[in-house]
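Protein chains in written order, with numbering that gives the first Met the number 0: chain A, 0 to 653; chain B, 0 to 653.
Derived from the structure by calculation, the hints contain no laboratory data. Computed from a predicted structure; not experimentally measured. Treat the hints loosely; a few may be bogus.
One copy or two, either will do: identical chains are not told apart, so a pair holds if it fits within one copy or between any two.
Keeping only pairs whose Cα atoms sit at most 35 Å apart, straight-line, the calculated DSBU-like set for lysine-lysine is [as the list claims (entries may be wrong)]:
#  : residue 1 : residue 2
1  : Lys261    : Lys396
2  : Lys457    : Lys170
3  : Lys13     : Lys536
4  : Lys352    : Lys100
5  : Lys352    : Lys206
6  : Lys536    : Lys624
7  : Lys230    : Lys472
8  : Lys508    : Lys227
9  : Lys100    : Lys629
10 : Lys550    : Lys565
11 : Lys624    : Lys499
12 : Lys220    : Lys396
2 protein chains.
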Amino acid sequence: MSKRNIRVTDPVWKNYKELVRKEMIPYQWAVLNDSIDIAIERERNDDSIPNEKSHAIENLKIAAGLKIGEHYGWVFQDSDVYKWLEAVAYSLLDTWDDSLKALADEVVELISKAQEPDGYINTFFTITGLERRYMRLAESHELYCMGHLLEALVAYNMAAGSSLAMEIAAKLADHLCDTFGPEEGKYHFADGHEEIEIGLMKLYHLKGDNRYRDLAEYFLKVRSDSPKEWKRLKAEDKGGDILGGISSEPSKYNQTHLPVEKQDTAEGHAVRVVYMCTAMADVAEASGNKDFAAACRNIWRNIVDKRMYITGGIGSTVLGESFTLDYDLPNDTMYCETCASIGLIFFAKQMLKLDRNGEYADVMERALYNTALSGMALDGKHFFYVNPLEVVPQKGKLDPTKSHVKSVRPEWLGCACCPPNLARLITSVEDYIYSVFDDAIFVNLFIASELEPDENGKKVFIKQKTDYPRSGKVLFEIDNKEEKETTIAIRLPGWTDDAKMSLDGTAYKPTLKDGYMYVPVSSGEHTIDFEIEIKPKRWYANLDVSEDIHKVAVARGPQVYCVEEKDNGSGLHRLLLNKESRLVDHYEEDLLGGVCVVEGDGERCTDSSDSESIGGLYTDRKEYKKETVKIRFIPYNTWGNRGENEMRVWLSEE
Amino acid sequence: MSKRNIRVTDPVWKNYKELVRKEMIPYQWAVLNDSIDIAIERERNDDSIPNEKSHAIENLKIAAGLKIGEHYGWVFQDSDVYKWLEAVAYSLLDTWDDSLKALADEVVELISKAQEPDGYINTFFTITGLERRYMRLAESHELYCMGHLLEALVAYNMAAGSSLAMEIAAKLADHLCDTFGPEEGKYHFADGHEEIEIGLMKLYHLKGDNRYRDLAEYFLKVRSDSPKEWKRLKAEDKGGDILGGISSEPSKYNQTHLPVEKQDTAEGHAVRVVYMCTAMADVAEASGNKDFAAACRNIWRNIVDKRMYITGGIGSTVLGESFTLDYDLPNDTMYCETCASIGLIFFAKQMLKLDRNGEYADVMERALYNTALSGMALDGKHFFYVNPLEVVPQKGKLDPTKSHVKSVRPEWLGCACCPPNLARLITSVEDYIYSVFDDAIFVNLFIASELEPDENGKKVFIKQKTDYPRSGKVLFEIDNKEEKETTIAIRLPGWTDDAKMSLDGTAYKPTLKDGYMYVPVSSGEHTIDFEIEIKPKRWYANLDVSEDIHKVAVARGPQVYCVEEKDNGSGLHRLLLNKESRLVDHYEEDLLGGVCVVEGDGERCTDSSDSESIGGLYTDRKEYKKETVKIRFIPYNTWGNRGENEMRVWLSEE
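One chain only, chain A, in its complex shape:
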């Protein structure tokens, strides 16, 4: 059994982790086994979405020959189990649990039995006919599922030292190396949904086998050539569509419109884009592929400068769950899938290895504290797939173009990619706190924690003590056991103006570069007192975002805030935040698990009684009456926890 070199001590994050361990993991296990009576909602009005049950474990049992039956569910249903296993692995690293470990071992055993002798694994094709494997890779998600399996096995091996996990992984990876690649006689195409590249890179980082890195790089390089091969094999395949609709999507949908290294805008299915970039940045760092690094920087710029919601949400449209165009950020029809923001966090983490720039961590933190955490209810058992910035519950029910915009988190979703993705993120949040280089340790996130380097690591111990983001004070207790000076580079978030710092009790003015404050620390023990002001602030969108013009959003530190009907009455569009009023915050322990509430003076437009109207709908006299109100904001990630109600991030301002 391995041990983590970072331990989260922050009570809020420990609580999230416990929620995952005690609620989400058992709950998801019950769902995967169809042993719980819950309402599985379709993520939008679409009769083709399977929503009767999960059947994911059953599919594995059937594929393993332990049961007789038919495959049920999405073609990528296996990945739900793999992501669950990955979350279990990380959770075991937090809190050892023999019975959970035994359960995970059973799952690994089951996976091993479902794996074909040659290393291939996919329950859909094993059950429905292996002769079609890899014939419909634009739709079939086979490598996508295998990528998640590799991630899970690597994580589980780290957590529990499972040799069986490593056997499965090696057998699978070797099968892939034998089957795909530039050599003649191998397949020359990638999966329609990126993910295998991430899995292969994880295995590469663990084992150091260059074949895995090279295959990941190959899948990326061959991406834009894949459609013609997909088409060729589809023509040979006798069977019907594996996943209807995907074949009519434009090439941008799966990022095959241009060679990946030539792409400089984020196009198509948002999760795919950020998974692709995560792998591309990782490969770039590992292999020195400069074209990949440049493409990642360009796509990043496009997302962050032009295509990202203030909540760190991405994907402006439900159709194709896709990016659309620059500055197109509608607040009430968007997608902002939980998985997409999680993928953006993965991408940011990889970019932090390539470039020492705090902006990556700023975005990582924005996506983490807002859209990612919004994906889960406070009970750990209800989940959003789509994270809107503006909700009127009746519109989601009565306007079919908004059927994906739910106002209360469902118990489970027909496409259940998001909940287990969030579980694995929360249980591994420590991996995002630091970037460790030979010459410096970069502090990306402020989460109370203890860093104890492992045997091969740099002998620098760091304790972060903070209740961030409730306050902006962070104390770093550093024990540099190296014999030479090292550098601690602390992120100065882009959303604040300046920070106070003292080193060993004396005011210290560090060098600031690209969003990091560089603090050299000699051998021995040191303390860094770091403080940034965390207060409610107003934010405005770029003028090209037509939906947000003349509107204001409120944030407090990294957390974006919103207004809910529960606190402010219905008709939230009628609220006007006074431009000059002071925003005041206070902590409410009993509200939503304990949150800082923000209040500001404003007005509510009320009907004019003296208006001359045409049938009541249009009037030629603009005499809005207004009443003074106190507008109450809560953190965006806690919305929708008090029953169905309106919610809004961007408010009118006066």
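With chain A fixed as given, assemble chain B onto it according to the hints.
Leaving out everything else, chain B in the frame of chain A:
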């Protein structure tokens, strides 16, 4: 050959009529015959929409046994021909044309040959198999097409006295009376798309045969009972779907959710709702059905008070081309189908027979001058299906949820219901000017024209002389040849405050009631000088319309105005109209066929150079720079005639 009792003399409307006669009718004829090389666009991204050709005449020829081939196109493709014939009929009443009459006779002959011996007619089922007729009436539009045929035949008989047209109509109507009705052994259900009821009522008004009125009433009464019969027959039918997707629509989609007389909100497919109401109001007036009248009033109130765009557009969503919920009026994703506003005009016209209330005419005029006329380009050869209130061309191209929002009128549409509907409306616009009752003549629209009563009519001659809406002056020259006093009731539009009137040269203060100014005129010749102020005015939406809060629309008389990129640069959302500035209008003869342009002082928000930003997309300093601009508005119905560009009706105001 018949003659109309009203003749339009207004040059603008005569020009529209000539455009239909000289451009639209020949153009549509070429399209219906597939003899013109044009780009037929799908009305939205949907591969199932047929767009290779029209094939409508060919379908008739095949059904008539004159050609061999397959049916192509929508199942309701026949109706394109019938609406063309109806427009031809009205056009012949305007301007006799032997060769057009000969062409129309040929079409009537062809229709006669395509009709089955028992009176049934539908090319789809005649070609693909009559054994399935009426088996799938939720989807198949058979009665819908027949309704359009009856309308066309009645119109053509009026124009050209065609006995063959009357034979076809009688044979068809008798077939329907034999096939549908409350009696045992007949079918007890209606068509999924209302229209036959309108056709039957037109035949009833011509022939006075109560069976036709009663059958129209029966179709309406049996409407909500239809789904169970549809379902029963669908189960018996061996064939596949006639029109995929419709069977999964909710019952509101085709107004079967409640008995029609119990419906008090406008639900589902917008065209269907207003066609239903048109027939229901007509039946109510003809048969005295008070429940129908009450339902019409309730649905009218719901549309006009809560579900209608300022342009008279209806249908807030593309999915189902439907109404959604009260005050849900998004400007950039709406449907606002041309046909739906035309149907609203039909509905209003019928309501004017039931209730003497100018509001019906206000709405009729609003729909006519804005959304209906917007449906056609100034060249008479390009058409909008969807009439948005806010367009950014790239969004329609790159956001698939806006694929139906086109920024330039296509040459033709896969579903070609709108162009011929508009043609028949324009060629019969005189029918909407007056409502004639025994005791009074109501003036609903101000269009220069001459009313000469036919032999059975009231002997009152009215000449309207006006260039309305360019000015608000209307001179009525009245010759009351009756021996007693009669009343002329002139509409005072709801959008104006008051009017000046003089009777026979002397100032006159008429009684004003429900939007009409009642002027008694004795026998003999009289003049009424009527003047309302037509100047640019600002309009505001009800506060419950969240999309329009803090925004202003400009109208001039009945015409809603808009801003186009062509006049105001790109980024129209950045414009702010100054609240206090005076809106000034002037006529530009060479612009868009001659229009009154409106100008107002405003500002354009420009980027702030000193903003501190997060990656350029979100900033904490709201320092919009502004530049002073003259904002230039054009009539909404003329937008999109100068190439692809942005357009917007609702502007920010400051």
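To see whether the hints hold, each was checked on the structure:
1. Taking CA atoms no more than 35 Å apart as the test, Lys261 paired with Lys396 passes between copies only; the shortest distance there is 22 Å, against 41 Å inside one copy.
2. For a Cα distance limit of 35 Å, the shortest separation of Lys457 from Lys170 inside one copy, 33 Å, qualifies, whereas the shortest one across copies, 95 Å, does not.
3. Proximity of Lys13 to Lys536 under the C-alpha cut-off of 35 Å is restricted to the intra-copy arrangement: shortest distance 27 Å within a copy versus 60 Å between copies.
4. Within a single copy, Lys352 and Lys100 get their C-alpha atoms as close as 32 Å, which meets the 35 Å cut-off; across copies the closest is 79 Å, which misses it.
5. Taking CA atoms no more than 35 Å apart as the test, Lys352 paired with Lys206 passes inside one copy only; the shortest distance there is 19 Å, against 84 Å between copies.
6. Taking the closest pair of Cα atoms, Lys536 and Lys624 come within 35 Å of each other both inside a single copy (28 Å) and across two copies (21 Å).
7. Within a single copy, Lys230 and Lys472 get their C-alpha atoms no closer than 57 Å, and across copies no closer than 67 Å, so neither meets the 35 Å cut-off.
8. For the homomeric pair Lys508 and Lys227, neither the shortest alpha-carbon distance inside one copy (58 Å) nor that between copies (79 Å) is at most 35 Å.
9. Taking the shortest Cα distances, Lys100 and Lys629 never come within 35 Å of each other, neither inside one copy (51 Å) nor across copies (71 Å).
10. Within a single copy, Lys550 and Lys565 get their C-alpha atoms as close as 21 Å, and across copies as close as 27 Å, so both meet the 35 Å cut-off.
11. With identical chains, the CA atoms of Lys624 and Lys499 are at most 35 Å apart between copies only, with a shortest distance of 33 Å across copies and 45 Å within one.
12. Taking the closest pair of Cα atoms, Lys220 and Lys396 come within 35 Å of each other only across two copies (28 Å); inside a single copy the shortest separation is 43 Å, beyond that limit.
In the structure shown, a violation is registered for the earlier hints numbered 7, 8 and 9, in ascending order.
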